[in-house]
Structures are given as structure tokens and as C-alpha cells.
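Engineer: Sequence:
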Amino acid sequence: MGHHYRAVQHGRAKLTILSEIRGVLSGLAIVAVALLLAVSIPFGMPGQELLSTLRFHLGIALLALPLLLALSGARLRALVMLGLVLASLAQGAGMVFMQQGHRAAFAELQPKAGFRALSFNVLAANPRRADAARYIMDSNADVVVVMEAGGLYGLWPEIMQTYPYRLGCEPENACDLAILSRTPFVSAQRHLLYGLERWRLSQATVMFGGEAVTVVGLHLTKPYFDRVAELELVQARSVIGAIEGPVLLMGDFNAAAWSNQVAGFAAALDLVPPPTYPATWPVELGPFGVPIDNMFTRGAALIRTIGSTPEAFGSNHLGLLATVELF
1 MGHHYRAVQH GRAKLTILSE IRGVLSGLAI VAVALLLAVS IPFGMPGQEL
51 LSTLRFHLGI ALLALPLLLA LSGARLRALV MLGLVLASLA QGAGMVFMQQ
101 GHRAAFAELQ PKAGFRALSF NVLAANPRRA DAARYIMDSN ADVVVVMEAG
151 GLYGLWPEIM QTYPYRLGCE PENACDLAIL SRTPFVSAQR HLLYGLERWR
201 LSQATVMFGG EAVTVVGLHL TKPYFDRVAE LELVQARSVI GAIEGPVLLM
251 GDFNAAAWSN QVAGFAAALD LVPPPTYPAT WPVELGPFGV PIDNMFTRGA
301 ALIRTIGSTP EAFGSNHLGL LATVELF
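With the working numbering, the residue at position 182 of the sequence shown is 182, and numbering never jumps.
Bear in mind the hints are in silico, worked out from the structure with no lab data behind them.
The reader is advised that the hints may include incorrect statements.
Label pairs and their in silico Cβ distance ranges [claimed, not checked]:
id: 1; residue 1: PRO164; residue 2: VAL31; range: 50 to 60 Å
id: 2; residue 1: PHE327; residue 2: GLY73; range: 27 to 37 Å
id: 3; residue 1: ALA124; residue 2: LEU28; range: 32 to 42 Å
id: 4; residue 1: LEU28; residue 2: GLY114; range: 42 to 52 Å
id: 5; residue 1: VAL234; residue 2: SER187; range: 19 to 29 Å
id: 6; residue 1: PRO164; residue 2: LEU63; range: 48 to 58 Å
id: 7; residue 1: LEU71; residue 2: ALA124; range: 47 to 57 Å
id: 8; residue 1: ILE243; residue 2: LEU28; range: 19 to 29 Å
Just so it is clear, the structure is predicted and the values come from calculations on it, not from any experiment.
Don't be surprised by glycine CBs; every beta carbon is placed ideally from N, CA and C.
Throw the hints in and build the complete structure from the sequences for me.
Structural biologist: Okay, here's the thing in C-alpha cells:
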């Protein structure tokens with residue numbers, strides 16, 4: 001009799017613990033649902049772009065939750081949670097698929113010219129600025145967009161031996177975004193981004209193999225500064241939309257190509273993405289990080305290959321090095 005009583009009590013204790021675990025997991029599931037909604041549906045909430053940038057990282061991490069719910073016996077809740085996570089991941093995959101679909105138009109075309117391009121946020125307080133400058137000079141890039149270019153203070157005379165044509169950082173102590181080129185600019189223009197009134201949008205037209213292309217450098221404000229980045233994208237859309245001929249856009253967007261605002265911006269301008277989206281931040285995560293630095297083309301130009309820099313050279317971002325073809 002005593003043995004039976006102890007067994008019943010033990011069974012009740014297990015059920016109580018299991019019930020508590022289900023309750024905790026269900027509470028976490030409610031939080032996860034709210035997070036997935038913020039990832040997938042733009043409410044205009046500050047910082048929401050950061051969540052949509054992390055949609056794949058969050059989705060993969062949240063796949064553990066339906067598994068734990070199922071193991072705890074909450075199978076229906078597990079199925080609902082699994083469906084929501086997969087729907088969010090599918091939404092992101094759909095954005096990537098639609099962007100990549102624009103590359104198909106170039107499949108049968110033969111390029112008329114090509115060049116190499118480097119985009120690199122070098123960090124204004126870079127403790128290894130000489131290493132970053134040496135990499136830029138040794139990269140064999142034909143054009144370079146440098147962000148937080150004040151991090152190269154004092155090194156411009158050396159850099160300009162390799163890249164004698166420069167837009168930005170004039171004077172050197174007012175240095176934010178710069179476009180560097182081995183060949184002369186046909187035209188060049190800087191734009192003040194009105195959100196925080198910073199010179200973080202520039203364009204320069206250069207020639208390669210007799211073909212003109214306009215290189216646009218853009219450094220967006222971080223997405224949790226209210227709606228500043230959204231307003232900057234509106235301005236950038238107006239500037240880029242007015243450019244005639246092939247365009248190469250590159251820079252630090254502080255958001256991934258599949259974030260809601262950047263994806264909408266790219267769709268509105270018919271921008272063509274690179275074949276992959278290399279991770280650039282945080283550098284400690286390497287290829288498992290987030291691609292918040294981006295490149296796109298518009299018109300008769302295509303990014304054929306792209307990759308991140310081998311290291312950050314003292315920056316908190318990896319750079320992007322690409323080969324670009326003109327048609």
C-alpha cells in the first residue's frame with residue numbers, strides 16, 4: 001500500500017513539473033510570436049529593421065521552441081509555433097528569391113567591360129588604420145567606397161599614390177564617406193543626408209573599357225534611431241532613381257538586403273543583388289554574422305562575384321570585394 005502511495009505521489013510530482021515546464025515554454029512561445037510578428041510585419045516601430053535583418057538567425061534559433069514544446073507534451077502548441085517560425089523563414093526566403101530573380105536577365109549577355117570594387121567601413125577609431133590602408137591599396141580594386149573614413153586620418157597621401165582620385169574627406173578633418181578611384185571621375189557629387197545632416201551619400205561616374213558607370217556610396221544611420229534610416233532611404237531612392245546608365249551601389253546599410261525597408265528600397269529601384277550576401281558584422285561571428293554591408297547594381301551592370309575581406313583590419317565590419325561587369 002505504501003509503495004503504491006509513493007508511486008502515485010511521484011507520478012503527480014512529475015506531472016506537476018511537466019505542467020510547469022509547459023507553462024514556461026508556452027509563455028516563451030507568446031514572446032516568440034510577438035517577435036516573429038515584429039520581424040515579418042512592419043509596424044514602424046524603432047529598431048524593427050534590426051529584427052527583420054536578424055530574421056534568419058532568430059528563425060533558426062526559435063526552431064528549438066516547438067521541439068521543446070513537443071517534448072513537454074504540448075503538441076498542438078508545438079505545431080502552431082513551428083508553422084509560424086517556418087512562415088517567417090519562408091517570407092525571408094521569398095524576398096531573397098525575388099531579388100535573385102533579377103540576375104536571370106544577364107545570363108546570356110556578354111560583358112563589354114569589368115572592374116573590381118571594394119566597400120569598407122574602416123571604423124573612425126580604428127587602432128590598426130595602417131593595416132586597413134595597406135589592405136585597401138593592395139586589394140587591386142579599381143574603385144573603393146570608404147565609410148567612417150576618418151579612421152584613415154594621416155594616411156591619405158600614401159593611399160592617393162594608388163588612388164589619385166578622391167571624392168570626400170576634403171578637408172581631411174571633415175571625413176566620413178569617400179569614393180576612391182584609380183581613373184579620373186567623369187563627374188562627382190556629394191549629398192547631405194538630411195536625417196542627421198551627414199555627408200553619407202556620394203556618387204561618382206567613372207569609365208572602364210569605354211563604358212561609364214556611376215558608383216554610389218551610401219552609409220545609412222542605425223535602424224533604432226527612430227525613422228532616420230527610412231527617411232535616408234527615401235532620399236537615396238530619389239538620387240539613384242535620377243541617375244542615367246549603369247549604377248553600382250555599395251555601402252554600410254546597417255541592415256540586411258532582406259530587411260523590410262532595404263528589400264522595399266531595392267524593389268522600387270529594380271536593384272540587382274550580388275550572387276550571395278556575405279556576412280560583415282559582427283566580425284567575431286565570421287560567416288555566421290549578418291550581411292549589413294551591401295552591394296547592388298542597376299541597369300546594364302552585374303556583380304559577378306563577391307566576398308568579404310579576409311579580416312577586419314581593426315574595424316568592427318568586414319569589407320566587401322566584388323567583380324562587376326558592364327553590358
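Engineer: Work down the list of hints and note, for each, if the structure agrees.
Structural biologist: Going through the hints against the structure:
For PRO164 paired with VAL31, a C-beta distance near 55 Å keeps the hint of 50 to 60 Å intact. Separation of PHE327 from GLY73 is about 59 Å and departs from the stated range, judged on CB atoms against 27 to 37 Å. As the Cβ distance of ALA124 to LEU28 is approximately 39 Å, the hint placing it in 32 to 42 Å holds. The hinted window of 42 to 52 Å between LEU28 and GLY114 holds, with their beta carbons roughly 51 Å apart.
Our hint of 19 to 29 Å for VAL234 and SER187 holds, since their Cβ atoms are close to 23 Å apart. Between PRO164 and LEU63 the Cβ separation comes to about 52 Å, which falls inside the hinted range of 48 to 58 Å. Roughly 48 Å separates the CB atoms of LEU71 and ALA124, a value that falls within the hinted 47 to 57 Å. In this structure the hint that ILE243 and LEU28 lie 19 to 29 Å apart at CB is violated, the actual value being about 48 Å.
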